[in-house]
Amino acid sequence: MEIGGSFYERKYYSTCYMCACRCGIEVYVRNNKVTYIKGNDDHPLNKGVLCAKGSSGIMKEYSPARLRKPLLRTGPRGSGQFKEIEWDEAIDIAVRWIEEAMKKNPAKVAFFTGRDQMQAINGWFAQQLGTINWAAHGGFCSVNVATAGLLSTGYSFWEFGDPDFENTKYFMMIGVAEDHASNPFKLGIQEMKRRGGKLVFVNPVRWSYGAIADEWVPVKPGTDGAFVMGLMHVLFKYNLIDWTFLKEQTNASWLVIQAPGTSKDGLFYRNEEGKPVVYDKKSKSFQPADRIVPDDLDPAFVGEFETPEGLRVRPAFDIFAERLVRDYSPEKVEKITGIPAKDIERIAKEMGVIALYDPLELPVEWTDVWGRKHKTMKGRPVSFHIMRGIASRSNGFQTARAVFLLKMLLGCIEAPGGHLAKPPYPKHIEDLPKPYRIRSLDELKYGEPLKGPHLGLPQNPDDLLVDENGNPLRLDRAYSWEFPIAAHGCIQNVIPAAYQRDPYDIEVLMIYMANMAWNSSQNIPYIIEALTAKDAAGNYVIPRIITIDAFYSEQVAYSDLVFPDATYLEQWFALSLLDRPPSVAFGPVDALRQPVVDPKDQGLDVRPWGDVMVEIGTRLKLPGFVNEDGTPKYKDFKDFLINWQPRPGVGALAGWRGKNGDKHFVGEPNPKQLEMYTKNKGFFYYRLPKHMRYFRHINKDYLEWAKSVGFVKKTDPIMMNFYVESLQTFRLAGQGLWEGENQPPNDPVIRDRLTKYFDPLPFWYPPFEEEVSGEEYPLYAFTARPQWMYHSWDSQNVWLRQISSRNFLYMNPKTAEKLGIKHLDWVWVESRVGRVKCQVFLTEATEPNSVWTWNAIGKMQGAWGLKPEADEGHEGFLLNHVIPHSIKLGGREVFYGDPVTGHLAWFDTRVKVYRAEDQTPETYPEFRVEPLPYIKERWVDVMRYKP
Amino acid sequence: MHPPISLIFFFLTAGTSIGLFIFMYSIEFLKLFGKGQGLPEEVILKLGILELILIGLGAFGASFHLGHKLRAWKAIKRFRTSWLSREAVFSGAYGFSLLVYLILNQLGANPLFEHFFGILTFVLGVLSGFSTAMIYASNRFVLEWNSSVTVIYYLLMYLMLGSTLMAYFSYLYRLPYLGTFIFLSFLFLVLAFGFRLAFNIRQFYLKRPTMNEALNLPHNRPIRVVDTGSTTDNYCTEEFYYRKGKEMLSTVIPIAYLLTFIVPLFLVLYAWITGTVNHWILGLTYIFVLVGSALERWSFFVEGNHVQNLFYGLYPEEGYKLRKGYMERKETKISLYG
Amino acid sequence: MAQFALVIDLNTCVGCHACATNCKEWNTQAAFGPLSDFDPYGARPEGVWYNRIMTYETGEFPNTQVFHLPKSCLHCQDAPCVPVCPTGASYKREQDGIVLVNYDDCIGCKLCSWSCPYGCREFDEADKVMKKCTLCIDRIYDESLPPEHRKPACVLTCPARARFFGDIEDPESEVYRVIEERNGFVLFPDMGTNPGNHYLPRIETRVNLEEFEKHILKPDNPLFLEVMKRHHVSNKTQLPEEKQVEEVV
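Residue numbers (numbering that gives the first Met the number 0), protein chains in the order written: chain A, 0 to 946; chain B, 0 to 337; chain C, 0 to 248.
These are calculated hints, taken from the structure and not from any lab test.
Given the structure is predicted, the values throughout are model-derived calculations rather than measurements.
Each residue gets a CB set at the ideal place from its N, CA and C atoms; glycine is no exception.
Check before you lean on any hint, since a few could be wrong.
SDA-like cross-link-like pairs, simulated, lysine to any residue; straight-line CA separation at most 20 Å [unchecked claim]:
#: 1; chain 1: C; residue 1: Lys228; chain 2: A; residue 2: Gly302
#: 2; chain 1: C; residue 1: Lys91; chain 2: B; residue 2: Ile75
#: 3; chain 1: A; residue 1: Lys658; chain 2: A; residue 2: Val708
#: 4; chain 1: A; residue 1: Lys263; chain 2: A; residue 2: Gln458
#: 5; chain 1: A; residue 1: Lys246; chain 2: A; residue 2: Ser282
#: 6; chain 1: C; residue 1: Lys109; chain 2: B; residue 2: Lys30
#: 7; chain 1: B; residue 1: Lys68; chain 2: C; residue 2: Ala42
#: 8; chain 1: A; residue 1: Lys10; chain 2: C; residue 2: Ala42
#: 9; chain 1: A; residue 1: Lys68; chain 2: A; residue 2: Ile84
#: 10; chain 1: B; residue 1: Lys73; chain 2: C; residue 2: Lys91
#: 11; chain 1: A; residue 1: Lys678; chain 2: A; residue 2: Val596
#: 12; chain 1: C; residue 1: Lys127; chain 2: A; residue 2: Asp940
#: 13; chain 1: C; residue 1: Lys228; chain 2: A; residue 2: Phe304
#: 14; chain 1: B; residue 1: Lys206; chain 2: C; residue 2: Pro188
#: 15; chain 1: C; residue 1: Lys109; chain 2: B; residue 2: Phe203
#: 16; chain 1: B; residue 1: Lys243; chain 2: C; residue 2: Ala42
#: 17; chain 1: A; residue 1: Lys680; chain 2: C; residue 2: Pro188
#: 18; chain 1: A; residue 1: Lys10; chain 2: C; residue 2: Pro221
#: 19; chain 1: A; residue 1: Lys68; chain 2: A; residue 2: Asp41
#: 20; chain 1: A; residue 1: Lys283; chain 2: A; residue 2: Lys263
#: 21; chain 1: A; residue 1: Lys334; chain 2: C; residue 2: Phe60
#: 22; chain 1: A; residue 1: Lys281; chain 2: C; residue 2: Pro221
#: 23; chain 1: A; residue 1: Lys103; chain 2: A; residue 2: Pro448
Far from chain B by the CB rule (all over 10 Å, computed), these chain C residues [to be verified]:
#: 24; residue: Ala1
#: 25; residue: Glu45
#: 26; residue: Ile52
#: 27; residue: Glu93
#: 28; residue: Cys105
#: 29; residue: Glu147
#: 30; residue: Arg160
#: 31; residue: Glu173
#: 32; residue: Leu186
#: 33; residue: Asp189
#: 34; residue: Leu208
#: 35; residue: Leu222
#: 36; residue: Lys228
#: 37; residue: Arg229
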């Protein structure tokens, strides 16, 4: 046994891709094989640590599920019959298919990407294709929270904002199992706990972070919004509100017109200059809101006023206060959430007192945008983190909004100890991009790029992507009247919509890194039907499916043409600030991936999607990929990363720009940029000076700097939306009072949704499924991913699957007792769309109205390089089979999502659970694909990894 | 505990070998003092060879329990601390000493040497059996085993194997000790039976550690396992917990008792009382004892609950539940040894 | 005498398995590897791990507590696995108290694992020898590594920084200090093993509002009262108009 020095020959700095967290890694290589992956000590995100997934990256690299060569389908879809073809041929086929489709109309090509980390580049590629149909996976992931956050505070959670763990003292997690920021959160929570901070875990399930929570609030699923409203009721009642924050940084005091039945109702009362107005109590007069600070106004928060024009107006806060007082007393909230009123009151008092009275004050001088100099930075050490438990519900948008209002009441946004934005955020809400607007698909022309972004935030109904009859223009119905503010698109609707040819049929469906045939879709039997359905002529209804993936996934098995991707250890890649940034709260970060091993060493003829994208774009002669003389602009993706400039001076990576690498953020491409990144341990971190780390919505120096590097367009204060006026415009449209160009169809269902749910102030309503499923399906069923697989693309990983090769249905023992179910019984879980057989595991750590399981452990037999007899396909199960993808409203089927953002409400599912007569340990329904022949050859009885 | 077939095999072979030698040599030894006529040389040769073969087979079989057979010789290195090491040394020495004894016996060498090795073999045999038993009895993490009862009944089982086989050979070779060995068979069957029962009954009165003790947590809150860190089995759950065995145990134990003790006792008593002796009765007695002992050994392992199972929630809370009607838990306390 | 060991803080451990897989990753390629995985892609994958994470719960809903317990060789001061080894392959190092297996001497009799009350030794059926946590002895003494990396892989990787490594007999060490300060405890204290590895208990933080209740926390916000009055909201509990969501089970 030799000790020392022998474990590597080469060492690389790169970025992990076992989940969405983007931690810095050190990769050690011996004999051209990866021996060890360690967290990068210097990386600001993970500070040297690495999670279970990151530490198992080796087994991803050498997975038997790895695809070897491009595949062309030879048998029926799902049969697993493919022939291997050469890259040239594969790209030719793809180019031909895409070209044929684009000639009919670019919208006939739909490109949807899953958990990719190059959305900015993929989106740009889709723009070059000229199609309107592109989006990433936000539609089923987090768009509710992201949208609510951007609309409220100009930033959100996850990649966009973090608690100030160094200073926070009270940290509430709502609806979080594990998260994007996997390692930073664990680091942060332990840091806070060691200082004696309190972690409150609001979740129907006490697991993972819940284990170390100081208080567990086992809220009934889907009622988090009511809980948060209840907290705000108490804060208001006890006057635990940061009035200065509300006054200076939000529009809570702005006056809202109360004129029901008119087109002005619910909009801000504006003066002749179009500026919103407040009622100044000192001068007893109406004053423009932008004079609050310079003139030291004392705006009224409560009351009702009459304007000189005779309009009735109320401060936005007043409208909300009435709602809080009337509907959300702790006693009422207890009835909804199951959380005792006294606990709600106590928790609210705790957070209020800590936010307002904690002595935390940083001795840092700073200047606000109004020129006032502050000697210190006063802390508000209460912070929050929210995730899918809130996002994935049909009331998710308004619930998330409630959380943002709670943050505003406590003033804990961008204050020391509070919740901080990560640069390039926050941004001015009014400057956030809108989806590029077209009026008809005929505006899309072959060979012409889409002139603007696919995604964004519509500010009023005229920004929607609908035709003159109000029909959706996008395949996924994003930005239609059904899902007007679908900020991330609606990937979950793509396959059902393409199958139903509603709104129209498509020719080519391209899927990158998304498992839409399995765990990323809902109601899988229906999805399989959609993927395999044929028309009268015997052609597939969805004619051509191209998938880009490194592994033999279920999606690959149902594709026609497959491009085998390289892994994260085999390619150049940028974790860009243009994308979801890998930044930290104290400054922007971007990072690099570099090839560490060569797939050819494993006999794999695979190419990174980036290279393939450049090749396809070049062969299609898409404008962004060829020079005027028709010559290719980029040699390959590495070249692309260096030289691509979506805006002059701005590229994929922000560090070491300029010819000599002496400019950051903005500067001409630097041919040596990637080398400079590798020299700097793979990342670029601009650590903001101390006086620019907090209060960035109104921090003069920060905003000036942010403008200089292009993060914001102006240095005005970033006003937060206590009241989201733009929502009211949609509501007016629902009432028939919108005076713009786009009008909703005369459909009572649509109009009712607009009127009811586009409330500019948050409220709680029961998830839709409650009414539809009713008492017949009394339990909430939802999923979470275990920490060792969260966001991991490969739960087939040899090491990780040893931790969980199958999943259970977790249930409270008392619930089980009432249903006559015993520990480890096999049961049926039945929803209104189907049923699935699985095994029950009883635990007191689950709220009695809930059953839940781990997602994506269950696999289709034969997929993912596993033997068909693998646990994953037999005792493991997929809850998605019973999750509805649509809902009947007013006799018509609508895709099931949040009415504002379209966020798939997969946590809403209601089920009944009963003991299976047949106790055979086998899930049902079962699906099976044939493993590729070469995958079978890779199966070994014993694996002994020691390169 | 997962029952290793190789160790069960070793028990049967080594047990028969040592048990048989003990009685064989006892006859020779008694002859020294003018008690009895000893054994004909050829019988000693035959039995001796059988004993040698059995201990050889036992050692060979037991080596299958080892990952590395060729390194087995290294097992002598920790004689001072390891009962397994002692077992290896004693059983090896027993075999060697037995061989020397046989040679001396057959050559008609100096009786001093012969009996020196006879006694040595006798002692080494007992020590070998004792060491094997102590491997189990000294394991304080398997409470069922961790008792002198284990050692006593282990040795008694050796004697039971030896006496029943010796009875058979007495009949086969028309030796004048048939009556004696029928009686000794009866005696050791009864004693082994009694101590095996004691071994079982003792289990009901074990003060078992709890999960709280394992995790060193307050005792007033019951703890449940939610996740063992692996949805499949691992070495620990397989080596220390034999799921199938636990399910079969309540069936196997009665059968083991029946075959090892009840039926042979009946046969021996029948022979004793009616005076009916033949190949069948005496041969079958040994065969029953042998087959029964295999099952008994199997049960011995499966009955053993390793405290590490506490971490997996696989440790019994109190004495395991036998099939209803077979043995009820009694209120009276039986004190066997201390 | 020095006793190297791990101290694991259950107050920050979230049960993420990072320590387990990073341990596997390091050790399979290092001096004491490989750690075999059997049937890796099949029905019942089962491999050799030095470190496993168990999860337990106690109490009844809603007063349930959940905790995770990472469990690897505890490097006992009175290691029962050492004397039972017939060959001396299982041994405890004098200089640092690390319990190791010398693969060249191990005959694979498994007796050491029988003599471990913690289930922290795993037999590798492929190598036919017993394997166990080495406290990354091939890291901690490796002078080619930067000094800050000379720690067990699990300690370096733990995202909850729940793992401490050092000499628990050295009053100057961090591990000694945290054991003292945080009432570190051991598993199975009655087994006479005197484990090296310690655990730090959970601590529940509560916020004491007493002082604030007296002076600040008064439900008399005039604005609240004004809203209540203006909208004629009764101070008493009022049932919401919507259909009540009832307890479903």
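Cross-check of the supplied hints:
Our distance criterion of 20 Å between C-alpha atoms is met by Lys228 of chain C and Gly302 of chain A, whose separation comes to about 11 Å. The suggested pairing of Lys91 of chain C with Ile75 of chain B holds, with an alpha-carbon distance near 19 Å, which does not exceed 20 Å. The suggested pairing of Lys658 of chain A with Val708 of chain A holds, with an alpha-carbon distance near 17 Å, which does not exceed 20 Å. For the hint pairing Lys263 of chain A with Gln458 of chain A, the CA-to-CA distance comes to about 16 Å; that is within 20 Å, so the pair holds.
For the hint linking Lys246 of chain A to Ser282 of chain A, the alpha-carbon distance of about 16 Å falls within 20 Å, and the restraint holds. Between Lys109 of chain C and Lys30 of chain B, the direct Cα distance comes to roughly 44 Å. Violation of the 20 Å bound is thereby established for this hinted pair. Among the hinted pairs, Lys68 of chain B with Ala42 of chain C is inconsistent with the structure: their alpha-carbon atoms are about 31 Å apart, more than 20 Å. For the suggested pair Lys10 of chain A and Ala42 of chain C, the alpha carbons sit about 36 Å apart, so the restraint of at most 20 Å is broken.
For a cut-off of 20 Å, the pair hint linking Lys68 of chain A to Ile84 of chain A stands: about 7 Å separates their Cα positions. Distance restraint check for Lys73 of chain B and Lys91 of chain C: the Cα-Cα separation of roughly 18 Å lies within the 20 Å cut-off, and the hinted pair is therefore satisfied. This hinted pair checks out: Lys678 of chain A and Val596 of chain A have alpha carbons roughly 18 Å apart, not beyond 20 Å. The straight-line distance between the Cα atoms of Lys127 of chain C and Asp940 of chain A is roughly 16 Å, inside the 20 Å bound, and the hint therefore holds.
Distance hint between Lys228 of chain C and Phe304 of chain A is fulfilled; the C-alpha atoms sit about 16 Å from each other, no more than 20 Å. Restraint check: the Cα-Cα separation between Lys206 of chain B and Pro188 of chain C comes to about 16 Å, which is no more than 20 Å; the hinted pair holds. A threshold of 20 Å between alpha carbons decides the hint, and for Lys109 of chain C with Phe203 of chain B the separation of about 28 Å lies outside it, so the pair is violated. Proximity of Lys243 of chain B to Ala42 of chain C is assessed by CA-CA distance (about 18 Å); at most 20 Å being required, the pair is judged to hold.
Distance restraint check for Lys680 of chain A and Pro188 of chain C: the Cα-Cα separation of roughly 46 Å exceeds the 20 Å cut-off, and the hinted pair is therefore not satisfied. Of the pairs offered as hints, the one joining Lys10 of chain A and Pro221 of chain C is violated, with about 65 Å between alpha carbons and a cut-off of 20 Å exceeded. About 37 Å separates the Cα atoms of Lys68 of chain A and Asp41 of chain A, which puts this hinted pair outside 20 Å; it is violated. Annotation: proposed proximity of Lys283 of chain A to Lys263 of chain A is violated, straight-line Cα distance about 24 Å (limit 20 Å).
Taking the CA atoms of Lys334 of chain A and Phe60 of chain C, the gap is about 18 Å. The hint holds against a cut of 20 Å. Of the supplied pair hints, the one linking Lys281 of chain A and Pro221 of chain C holds, its CA atoms being roughly 18 Å apart against a limit of 20 Å. Distance hint between Lys103 of chain A and Pro448 of chain A is fulfilled; the C-alpha atoms sit about 15 Å from each other, no more than 20 Å. Annotated as non-interface, Ala1 of chain C keeps its C-beta farther than 10 Å from every C-beta of chain B; the closest such distance is 22 Å.
Distance check on Glu45 of chain C: its Cβ comes as close as 5 Å (rounded) to a Cβ of chain B, failing to clear the 10 Å threshold; non-interface status is violated. Here Ile52 of chain C does not stay apart from chain B, with its beta-carbon only about 4 Å from theirs, under the 10 Å limit. For Glu93 of chain C, the shortest C-beta to C-beta distance to chain B comes to about 16 Å, beyond the 10 Å cut-off, and the non-interface label holds. In this structure Cys105 of chain C is not separated from chain B by more than 10 Å, as the shortest Cβ-Cβ distance comes to only about 7 Å.
Even its closest Cβ contact with chain B, about 29 Å, leaves Glu147 of chain C beyond 10 Å, as expected for a residue assigned away from the interface. The claim that Arg160 of chain C lies off the interface holds: its Cβ sits roughly 20 Å from the closest Cβ of chain B, which is beyond the 10 Å cut-off. Taking the minimum C-beta to C-beta distance to chain B, about 22 Å, the non-interface status of Glu173 of chain C holds against the 10 Å cut. Some Cβ of chain B comes within 10 Å of the Cβ of Leu186 of chain C; the nearest lies about 6 Å off, and the non-interface call is violated.
Against chain B, the non-interface label of Asp189 of chain C is violated: not every CB pair exceeds 10 Å, the least being about 6 Å. Every beta carbon of chain B lies more than 10 Å from that of Leu208 of chain C, the smallest distance being close to 27 Å; the non-interface claim holds. For Leu222 of chain C, the non-interface assignment is confirmed: its Cβ lies about 46 Å from the closest Cβ of chain B, beyond the 10 Å cut-off. Consistency note on Lys228 of chain C: stated as away from chain B, and its beta-carbon is indeed over 10 Å from all of that chain's, at 49 Å minimum.
Listed as a non-interface residue, Arg229 of chain C keeps its Cβ farther than 10 Å from every Cβ of chain B; the least gap is roughly 51 Å.
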